[in-house]
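*Asks:* For the protein sequence lines, the chains are A and B, in the order given.
Here the first sequence is numbered in the numbering used here, starting from 17 and rising by one per residue.
Here the second sequence is numbered in the numbering used here, starting from 17 and rising by one per residue.
Just to be clear, a hint being listed does not mean it is correct.
Copies of one chain are not kept apart here, so a pair can be met inside one copy or by any two copies together.
Below are the DSS-like pairs computed for lysine-lysine, each with C-alpha atoms no more than 30 Å apart in a straight line [to be verified]:
#, residue 1, residue 2
1, K218, K31
2, K115, K380
3, K414, K384
4, K406, K380
5, K362, K336
6, K91, K31
7, K374, K406
8, K362, K338
These are computed hints drawn from the structure, not numbers from a lab.
2 protein chains.
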Amino acid sequence: MASKKATSLSTDPYKGVRDFYPEEQAELNYILSVWRSVCEKFGYQEYHASILEPTELYHGKTSEEIVNEQTYNFKDRGDRDVTLRPEMTPSVARMVAAKRKELQFPLRWYSIPNVFRYERPQRGRLREHWQLNADLFGVSNLEAEVEIVSLAYSLMLQFGAEVDTFAIKVNSRRAVNELFASYNLSPVQQKQLRLLIDKKDKLKDFEAQVEALVGSPFSFPTTAPKDVVEIISKLKAIGIENVLYDSSLMRGFDYYTGIVFEVFDTDPQNPRSLFGGGRYDELLSIFGVDPVPTVGIAMGDVTARDFLETHNLLPEPSSKTKLFLATLSSEFVPDAQRLGATLRLKGLTVAVNLTDRKIGDQLKYADKLRIPHVIVIGADEVGSGSYKLKELKTGAEKTVTSEGIIEALA
Amino acid sequence: MASKKATSLSTDPYKGVRDFYPEEQAELNYILSVWRSVCEKFGYQEYHASILEPTELYHGKTSEEIVNEQTYNFKDRGDRDVTLRPEMTPSVARMVAAKRKELQFPLRWYSIPNVFRYERPQRGRLREHWQLNADLFGVSNLEAEVEIVSLAYSLMLQFGAEVDTFAIKVNSRRAVNELFASYNLSPVQQKQLRLLIDKKDKLKDFEAQVEALVGSPFSFPTTAPKDVVEIISKLKAIGIENVLYDSSLMRGFDYYTGIVFEVFDTDPQNPRSLFGGGRYDELLSIFGVDPVPTVGIAMGDVTARDFLETHNLLPEPSSKTKLFLATLSSEFVPDAQRLGATLRLKGLTVAVNLTDRKIGDQLKYADKLRIPHVIVIGADEVGSGSYKLKELKTGAEKTVTSEGIIEALA
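Bound-form chain A, shown alone:
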């Protein structure tokens, strides 16, 4: 904050958020494209909402810790309380509630919002990240869970993950609630217990803490609840084998009412949760409309990228621009632009030299941008309409007409 030059602004982004230069953006776009492609294969339609939401939307149903300590809240100039959305589920519930009577259920909806949390930046936990949300509204039977877990499984396969590098843990929030109720715990205590169990592996005195909270020795169930047995069997019937019951799987949000699940990396070096979801049948009631049974998942871009990087699954960087038109001198730039315009009309991606650099420097530039093909435009080419199409990687050249360029690069 102290004295630099008065005119000199910092080039740093705001704390805890990211700048996406073209290389990082290409990686993000790869992740987004897999998300979109898989959702659309399952018949999901994209929706969107603003990052700005009335703060009251987050009262009550979402984790209190989030609303109180981890959201960006501010008052606008009209004295309205505004929040930068920390998650998408309340927004989508609001949108479905608003058109409860017009929408055609079942709804298959997905969105890729950026979401904001005010937390200490650390690996995988930035203040802003992108998050796939896919939700199936209007199906109360277990086929909904089967579809959403299949979608999660397909996401992993589409990212190139081998089936033995990940597994899907399943539990029943319904069974968890029944179990906790059998210990005579209040809703607040139940929530505290869920949070404790969520942190189980990080707590040295986990058992002591649980016993203090519950007031008696606590033990996890040893047999799977009926709904868990059933969904595992249904998933196996459609070829999804890497599913297992985990009695300690809680998932954070209060609003889950049935099956919850989590996809995790089985790497013994780095076992960790990748993403998950579950059933939340009652959320719409906060808007005073009849609830709609819903199953959803959310997956974050940072976790996805970490997984892809760890397993060496990120695609090689490449250029979307297929052709660079170099010029023998700057006098031929208008000719190159004319040829570029013709080729673009036929669908080709073409960048044109606009500088007076030497040919060698123009080719180096194209190569650094990973543009695979180059044509040099000079008097001969303009006169004859015949071009030498060069592949930079191999140096191979081919003489082509303007139409031939499209054919050669198709």
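Model the placement of chain B on the given structure of chain A, informed by the hints.
*Replies:* Just chain B now, with coordinates in the frame of chain A:
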């Protein structure tokens, strides 16, 4: 704000922002896809930054009116001043300045940020909108303007606009600055004069106001400045004919230093500015690095949509889901899911019935979602592996195997 049911939250979005239900999202996606496609045809690479920026980024170089009255500013819990970006140019200038020495110039960069302005919601002026930004960094000659105006022209054509429905106004901010300086106006007065001229058509006493500000009669130049003559001639040479000199074209931002331009709708019923841009060669100096000559444009989604709607250019709504698998009864849902999984692996977009609805209701549902083809799964289909593929629009049926489905819908 008064007493509804205590449990009942409003389903309205925050004031001045939009919910995008799938139909609106499909329209937005169409606009975004044209933006992307045209930018990529010109060799532009996508980048992105967070909507959260340090407030100081907007001091000095952007319009003061915007920073003071029209931005969302707040203090974060670490007492940092944060702004929701009102435009993208300061962010991209910051990013380029940060890697000034590593980047390969010329840079062709585009982004589609959402930007925020705190203003009274009205047609075309929401508090949040999406905006294409395309910038060419590192070319000081007029070929840069030629490329950026060509890109603007291609955007219009790709949206389906006829060449005679729009035109491109060009002016020179350099010439404007020289003219204003000849009246001995201070920078603040020059800016006031630009703002007055921008509002010319809305002001009844325009001439009187200008004379009061300038202190003498003011007249617009009648012949085009040299750079304007030259760019119009260069554009005509590559086939862009609908370009004209407009001595009253100002463009709002302070940072323009050369050619400015604006694409406008020539409809006599509804003449209006659609989008524009210009050259800004000095902006990077605010970061204490050597400036980079730059030409850029920005186009908003709301204006684009209004233009498309007015000219009847929005595409017909359609479904990305190509096939609906109905089931004779809910017992066949797992079979339908299995077939769906097989077809998706081959790239098909398939939604599966998960309900116990009657066949007729399932077909109505598929039709309302505009899914074009349906197969009904029952015992016969499961037994034989032979399916009746029905086109809902025509009622035409075709008997196919599982492989035949892909072929028939390709």
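*Asks:* Compare the structure with each hint and give your call.
*Replies:* Hints, verified against the model:
no.	hint	in the structure
1	K218 with K31	within (27 Å within a copy, 43 Å between copies)
2	K115 with K380	between (56 Å within a copy, 19 Å between copies)
3	K414 with K384	within (22 Å within a copy, 52 Å between copies)
4	K406 with K380	within (13 Å within a copy, 55 Å between copies)
5	K362 with K336	both (15 Å within a copy, 25 Å between copies)
6	K91 with K31	both (21 Å within a copy, 13 Å between copies)
7	K374 with K406	within (17 Å within a copy, 61 Å between copies)
8	K362 with K338	both (13 Å within a copy, 27 Å between copies)
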